[in-house]
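So the chains spell out like this:
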Amino acid sequence: MSEEKKYVLQVKDLHTTFVTDSGEVQAVNGVSFNLEPGKILGIVGESGSGKSVTAYSIMQILAENGRVTSGEVLYNGEDITKWSKKQMTGFRGKCCSIIFQDPMTSLNPVFTIGNQLEEAIRLHTGKSKKEAKERAVEMLKLVGVNEPAKRVKQYPFELSGGMRQRVMIAMALACEPDILIADEPTTALDVTIQAQILELMQELQHKLGMAIIIVTHDLGVIADMCDEIIVMYGGRVCERGTADDIFYEPAHEYTKGLLRSIPTAGNTHERLQPIGGTPINLLNMPEGCAFCTRCDNAMKICLTQVPEELQVGEHHRASCWMNVKQAMEEAAK
Amino acid sequence: MSNEYLVEVKNLKQYFPVRNSKGKLVPLKAVDDVSFAIKPGETLGLVGESGCGKTTVGRSLLRLYKPTAGEIWFDGQLVTDKNMHEHRKEMQMVFQDPYSSLDPRMTVEDIIGEPLDIHKLCKNKAERRERVLELMKTVGLNAEQATRYPHEFSGGQRQRIGIARALAVNPRFIVCDEPVSALDVSIQAQVVNMFEDLQQQLGMAYLFIAHDLLVVHHMSDRIAVMYLGKIMEVADSDSVINHPIHPYTESLLSAVPIPDPKIARTRQRIVLEGDVPSPMNMPQGCPFRTRCRYATEQCAAECPTLTDRGNGHFVACWNR
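Just so you know, the sequences run in chain order L and V.
Just add 1070 to the spot in the first sequence (first one is 1) and you have this note's numbering.
Just add 752 to the spot in the second sequence (first one is 1) and you have this note's numbering.
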């Protein structure tokens, strides 16, 4: 198999900018990753890290002032950034679907659940109205909505948050896409409902075999379900690796700081070690590493030069000058 | 009465009249017969899912709502409508959303100074300014930021302004309503640490309301778990987290995402079926019985009350 065919999705050096009143904002700044069929990729970062914008750039659903300025998004080897609007309409939903954080605002309040599901199905498949109706009920059943035949006649406001998110997942999967992007799928939900939805996503992934990209700010959500995790900060990827790499051998100062600052089962009675400073201002980015202004170990080179990605383990890569320094010190010995 | 407890809540009920689908007014039982007490300098964590009434408890404590029934005692005194103003000098609140809880048209100095004006704590402008600057320093803000407006600050800094405002009257008790959940992960630890430092310096008691169990465990001496307006379990925080007794606490804990892959992979999740019932249409008996795997006929017939299972570990359950 050739390199391109091996991956269902490849993002290469993606740059996305937004034009705002206060200037041009570089929200995504050279992000690259590969997604194999049937794998789960997690993208973590805080607000302003560019994690959601990366997802929207793939789907080409950016706000009007946003634009992909360079880079490629390859779907089965084809660069979809060059596709026409019509081609993209076919891509969304059929090849790649997205579910959003807030299941209330992503459903249309004035149409029934069934109506919205059928619309998505009929748009992408040649199914008749009756067939689409059957498929809608079938999908609701698949995502664990009780009494699906009754639910299709209900409006979004009649369902709870967890149920609405199930409907969103049903809609996203109705046309059997190869990729499902979940943008903070459980952030608006309670923990017990969050557990239900995460369990459901894993189960459906086993059953249907699509690849999933989970975008989240919560390290806990992705600890046990991702094949690969990407940590983003200030529009760049700072570190990528397996969950064990990221959690047990973090190789970027930001990841290390983040893991020290969250309460876990083990450090309950110890004082938390916060990351200093304030979140990044994308309008005023440092010249070098995006994290350098908040990093305790920042060196001169961090302020002026963007670090390159360095292999630190089998599947583990990080962009931090500290690793370069370490490698050089070891070589000198 | 001795003042072993700073705050005592006795059989608090908070019902809101709402219209049901037939247009008839029915009571929504947001808080239904809740009792607890907080010692001076202690942190009581209050956890539960949205709609369980945890925020309502906090607001009722400060009489932001008039309780339907029940009593709130502060330092041995019954809090009434008449002496509420006086008590608010000792009880303050930090709100969840640092964006909507600050008036966008007021400068930081006026926001923090407002409680000083209301309670007439400063004789003149110079004294007020001095006190405001002192408070800003306490929460880690610069003096030159006093003339700025809320929109010029980040979420974490705004939460600091909200905390400074609460501290202005030198309270002995602060209700913290989800004070870190709107903040970025890297900022949460800063604010959590600040709450801990302030408690050590000033000896305040906290009611720490949050849905993030890991943060609550970190912050609290004791934890109370709420479900549909009732307290299900209350004990010291290590007991609740490490040896939960109530089936709801058990499943809630098992659902919390743990940022540690090895633990996350091996542990058993107890996934609850279904959704939280509507508080307008509460099940008879124990409110949790519709989702409980141990539910029996007794649970439907009668609601269990909190009973001591030893060492101050209170649980409301017939079967555990």
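By construction, these hints were calculated from the structure, which means they are not laboratory data.
No experiment lies behind these values; they were computed from the predicted model shown.
Among these hints, one or two may not hold up.
[Unchecked claim] Heads up, simulated BS3-like pairs for lysine-lysine below, C-alpha to C-alpha not over 27 angstroms straight-line: (1) V:K774 with L:K1220; (2) V:K1014 with L:K1326; (3) V:K762 with L:K1223; (4) L:K1223 with V:K774; (5) V:K776 with L:K1277; (6) L:K1109 with V:K776.
Checked hints:
no.	hint	verdict
1	V:K774 with L:K1220	21 angstroms, holds
2	V:K1014 with L:K1326	18 angstroms, holds
3	V:K762 with L:K1223	45 angstroms, violated
4	L:K1223 with V:K774	20 angstroms, holds
5	V:K776 with L:K1277	46 angstroms, violated
6	L:K1109 with V:K776	52 angstroms, violated
Hint check: violations occur at hints 3, 5, 6; the rest are consistent with the structure.
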